[in-house]
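A.B. asks: Okay, here's what each chain looks like letter by letter:
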Amino acid sequence: MLEGILIGLQTALSLQNLLVVIGGCLIGTFIGMLPGLGPMSIIAIMIPVAITMGDPSAALILLAGVYYGAIFGGSTSSILLNAPGVAGTVASSFDGYPMARQGKAGKALTIAAIASFAGGTIGAILLMIFAPMLSTVALLFHSPEYFALMVVGLSAIAAFAGPGQVSKALLMTTLGLIMATVGEGALFNLPRFTGGIMDLQSGFGFITLAMAMFALPEAVFLILKPKNLGDDGGEIKDLRITRAEARAITPVIGRQSIQGFFIGVLPGAGATIASFLGYAVERNIAPKHEQDEFGKGSIKGLAAPESANNAACTGSFVPLLTLGIPGSGTTAILLGALIALNVTPGPRLMIDDPQIFWAVIMSMFIGNLVLLILNLPLIPYIAKLLAIPRNFLIPFILFFTLMGAYIGQNNATELLMLVGFGICGIALKFANYPLPPLLIGFILGGMMEDNFSRSMQLYGGVSFILERPMTLGLLIIAAGLIIVPVLRTRLAR
Amino acid sequence: MTTFKMGRRALIAATAATFAFGAPAFADGHKILDEIHFIIPGGAGGGWDGTARGTGEALTESGLVGTASYENMSGGGGGVAIGYMIENAESLEGALMVNSTPIVIRSLTGVFPHNFRDLTLVSGTIGDYAAIVVGKDSPLNNMEDLLAAYDADPSGTPFGGGSVPGGMDHLVAAMVMEASGRDALGVNYIPYDAGGTAMAALLSGEIAALSTGFSEAVDLSNAGEVKIIGVTASERVDAAPDAMTMMEQGIDTTFVNWRGFFGAPGMSEEKLTQYQSAITAMYDTPEWETVRARNGWVNIHNSGDEFRSFLEEQETVIGDLMKKLGFL
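Here the protein sequences line up with chains H and A, keeping their order. The UniProt record's numbering puts the first residue of the first sequence at 1, with every later residue one more than the last. The UniProt record's numbering puts the first residue of the second sequence at 1, with every later residue one more than the last.
If you're looking for bench data, these hints aren't it; they were derived computationally from the structure. Just to be clear, a hint being listed does not mean it is correct.
Here are the simulated distance ranges between beta carbons [unchecked claim]:
hint	chain 1	residue 1	chain 2	residue 2	range
1	H	Ile129	A	Gly205	22 to 30 Å
2	A	Leu185	H	Ile394	54 to 62 Å
3	A	Gly205	H	Met133	16 to 24 Å
4	A	Gly205	H	Gln16	37 to 45 Å
5	A	Pro154	H	Pro354	43 to 51 Å
6	H	Leu416	A	Met244	51 to 59 Å
7	A	Glu87	H	Ile394	30 to 38 Å
8	H	Met133	A	Thr273	54 to 62 Å
Covered by chain A, per the in silico footprint, the following chain H stretches (three or more residues, Cβ under 8 Å) [what the hints assert, rightly or not]:
hint	region
9	141 to 155
10	314 to 326
11	330 to 340
12	410 to 416
13	451 to 458
Quick partial rundown of chain A residues pointing at chain H, CB under 7 Å, derived from the structure [unchecked claim]:
hint	residue
14	Ala44
15	Asn72
16	Gly77
17	Gly79
18	Met199
19	Ser204
20	Asp219
21	Ala223
22	Arg294
Ideal placement from N, C-alpha and C gives every residue a C-beta, glycine not left out.
Please model the entire structure based on the sequences and the hints provided.
C.D. replies: Put into structure tokens, the structure is as follows:
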């Protein structure tokens with residue numbers, strides 16, 4: 001392995017490849033900040049560039065750099081504008097945006113940067129050590145386990161509800177689940193609940209819904225709020241993290257990097273589930289007084305999803321590199337690029353092309369480091385965005401929101417849906433209904449239903465719940481996640 | 001403030017620049033068309049996207065076409081783009097839409113209100129055969145073994161695929177079973193949301209066999225991860241010379257998942273001929289060979305009327321099967 005690391009370092013540290021990784025990270029970060037252009041689209045756009053470079057290692061290093069950059073950039077719009085562009089950064093807005101509203105945008109971005117760096121780096125270490133072993137673990141998960149994992153994710157919703165909001169949160173989750181049923185699922189060849197509208201055939205768009213439920217209501221609230229976002233205290237550019245804060249988030253980052261990585265290894269689970277579960281787990285194990293801070297600007301609540309989603313993205317390279325199976329849309333595109341470069345991912349990659357395998361892993365370390373170094377000095381400038389007077393900032397957010405919904409699909413109907421759902425979102429927010437559970441229900445609902453009906457079909461009923469110990473175990477954890485917080489509140493009374 | 005504004009502007013410029021990528025303008029003696037605008041009914045990075053961008057790359061770099069531009073228009077699983085082509089036919093003489101086998105399937109089910117006859121058929125350009133695949137540790141080694149396992153326990157021999165029931169992967173599995181004399185209705189077809197997750201399910205042992213695209217399976221097969229036990233080509237394919245065809249194993253069926261290009265309805269004869277001759281000329285260029293080899297595509301060229309009769313035949317075969325399966 002040492003030899004491999006050295007070969008990889010040698011390849012990754014050549015001047016050309018260093019420039020490539022820096023360029024890739026920068027492009028990824030900046031485009032990734034735009035909602036609507038997630039890592040998947042950015043990588044697809046960059047593939048022709050990468051392929052013309054000819055050298056497979058350099059091409060992969062470029063694409064990997066773009067990938068980490070995009071994940072990294074994606075959390076910026078979540079934190080500053082409450083406009084998550086990809087599902088994996090939704091959880092980052094739960095505490096990141098409240099921090100930004102409290103004038104701590106600089107600190108929030110710094111924590112996100114450090115948590116992402118740690119998540120990516122710890123993920124890469126785990127990838128280096130465990131990749132060959134983990135390929136078999138990834139295959140232990142069958143449809144019933146995926147179903148149970150989604151249930152765990154959903155049951156964690158109690159963690160996203162403020163005090164006294166549990167029933168409202170459940171109501172919103174149900175609404176999200178209902179919305180997930182619109183369109184053609186993977187299991188039906190006929191459209192459901194589309195009312196004959198062609199634009200609904202693929203269901204509601206995630207970005208449209210995220211913009212309508214998160215970004216638009218916030219923009220309206222800013223109009224009603226009498227002062228500028230950056231007015232409080234003038235510490236908006238302040239990046240400093242106190243020693244106590246550092247001590248508080250270190251174990252969170254450590255735990256979530258590891259947990260996130262292992263969830264990322266499972267094909268089909270990925271960064272979204274990793275970030276939701278990371279958030280929920282940290283909230284549940286936090287001491288009582290800190291628990292109430294979650295959702296109101298808790299640094300732990302920001303560090304957890306940020307480290308988990310980056311570690312999960314690294315984890316998703318395990319099935320790609322060791323089995324040649326893409327576990328997510330982004331890795332599917334990367335697989336296409338690999339094949340175009342005459343590299344066949346799979347168990348033979350480490351034997352046939354060790355320099356490529358190791359160069360990719362080494363580029364992960366370098367890419368993460370480059371991102372941290374490039375971004376820390378930029379944070380004050382990015383955070384200053386919020387110091388823009390409201391009369392300029394709000395139109396800008398609205399533009400950003402509309403563009404996000406349009407750009408991914410090039411379909412103007414998305415804009416109508418955005419406005420329609422936006423009005424619903426604003427109404428719900430005024431009525432004090434929590435909106436994150438709706439989006440989580442929507443994201444997890446589709447996957448949960450697909451895996452459930454597949455399990456039903458494979459086992460001819462629900463017998464899989466008892467026949468598969470891992471499914472049962474996960475479902476028990478899910479039950480615990482619902483019961484424990486309820487009991488805790490009862491006992492506290 | 002200023003810093004931020006500059007950043008924003010640079011960023012938008014960078015976005016625009018990346019979008020315009022892949023359309024270099026070369027021109028020499030044999031240019032047939034000045035420009036082509038490709039309409040892609042799905043998002044960036046999908047199979048349609050790769051086909052349009054690869055074809056555009058070969059056409060422009062070989063100098064057959066001056067410039068190519070691309071427009072991704074997702075929605076309705078491709079239906080939105082078809083509707084757009086038909087509604088705006090007059091202004092879309094310069095545009096070609098990429099499509100593939102699902103246009104036939106989805107028009108049959110009525111999911112699309114239109115079908116291929118509502119468009120101008122330009123040509124089918126490439127294709128991919130379908131394959132039935134099992135995991136490397138599976139006791140099954142050929143179609144005979146699989147059929148025996150199926151006969152012993154039909155519901156315990158689940159077939160997986162990356163499409164909805166009634167979608168392409170399901171139809172291929174059903175077509176193969178029907179041709180072997182079994183009842184296509186008995187196939188326990190398990191749908192996955194994408195080819196990748198279906199492949200993971202095969203390797204994990206959740207399903208007994210996988211119906212997938214030949215090109216999706218060939219690399220894993222060469223790596224020794226899976227065994228291709230039947231290909232729907234009429235002869236063995238060079239990329240995997242050991243993989244037996246269905247025909248060889250006494251199962252009389254072939255299937256090609258084609259990809260090709262369509263124009264807006266009412267396209268002028270002159271324009272249509274230009275498109276068709278540009279595409280025909282493309283096959284002889286080294287630039288196309290590079291793109292084709294890079295993507296592992298198989299040249300299956302059907303132009304104009306041949307394309308029409310190919311599609312009509314496919315429509316009949318698929319239509320009959322779907323009636324049998326109860327999807328129509």
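A.B. asks: State for each hint whether it applies.
C.D. replies: Hints and how they fare:
In this structure the supplied range 22 to 30 Å holds for isoleucine 129 of chain H paired with glycine 205 of chain A, their Cβ-Cβ distance being about 26 Å. Restraint check, leucine 185 of chain A to isoleucine 394 of chain H: a C-beta distance of roughly 59 Å satisfies the suggested window 54 to 62 Å. At roughly 18 Å, the beta-carbon separation of glycine 205 of chain A and methionine 133 of chain H lies within the given 16 to 24 Å, and the hint holds. Taking the beta carbon of each, glycine 205 of chain A and glutamine 16 of chain H are about 44 Å apart, inside 37 to 45 Å as hinted.
Hint check: proline 154 of chain A to proline 354 of chain H, Cβ distance near 45 Å, so the stated range 43 to 51 Å holds. At roughly 53 Å, the beta carbons of leucine 416 of chain H and methionine 244 of chain A sit within the given window of 51 to 59 Å. For glutamate 87 of chain A and isoleucine 394 of chain H, the Cβ-Cβ distance of about 35 Å falls inside the hinted range of 30 to 38 Å, so the restraint holds. At about 59 Å, the beta-carbon gap between methionine 133 of chain H and threonine 273 of chain A stays in the expected band of 54 to 62 Å.
Three residues within the 8 Å Cβ limit are the bar, and the region 141 to 155 of chain H against chain A gives 3, so the coverage statement holds. As drawn, the region 314 to 326 of chain H meets chain A at 5 residues by the rule of a beta-carbon pair under 8 Å; at three or more, the given contact holds. Residue count for the region 330 to 340 of chain H with a Cβ under 8 Å from a Cβ of chain A: 7. That meets the three needed, and the coverage hint holds. Proximity of the region 410 to 416 of chain H to chain A, defined as three or more residues with a beta carbon under 8 Å from a beta carbon of that chain, is established by the 3 residues found.
With a cut-off of 8 Å between beta carbons, the region 451 to 458 of chain H has 3 residues touching chain A; three or more are needed, and the interface restraint holds. Look at alanine 44 of chain A: its Cβ gets to within about 4 Å of chain H, closer than 7 Å, so that hint holds up. Annotation: interface hint on asparagine 72 of chain A holds; nearest CB of chain H at approximately 6 Å, less than 7 Å. For glycine 77 of chain A, the interface hint holds, since its Cβ comes within 7 Å of a Cβ in chain H; the closest pair sits about 6 Å apart.
A cut of 7 Å between beta carbons decides the hint on glycine 79 of chain A: the least distance to chain H is about 5 Å, and the hint holds. With a least beta-carbon distance of about 5 Å to chain H, the hint placing methionine 199 of chain A at the interface is held under the 7 Å criterion. Hint status for serine 204 of chain A relative to chain H: holds, with the closest Cβ pair at about 4 Å, below 7 Å. Against a cut-off of 7 Å between C-beta atoms, the interface hint on aspartate 219 of chain A holds, since the closest Cβ of chain H lies about 5 Å away.
Because the beta carbon of alanine 223 of chain A sits about 4 Å from the nearest beta carbon in chain H, less than 7 Å, this interface hint is met. A cut of 7 Å between beta carbons decides the hint on arginine 294 of chain A: the least distance to chain H is about 5 Å, and the hint holds.
Violation of the numbered hints given earlier is absent; every hint is satisfied by the structure.
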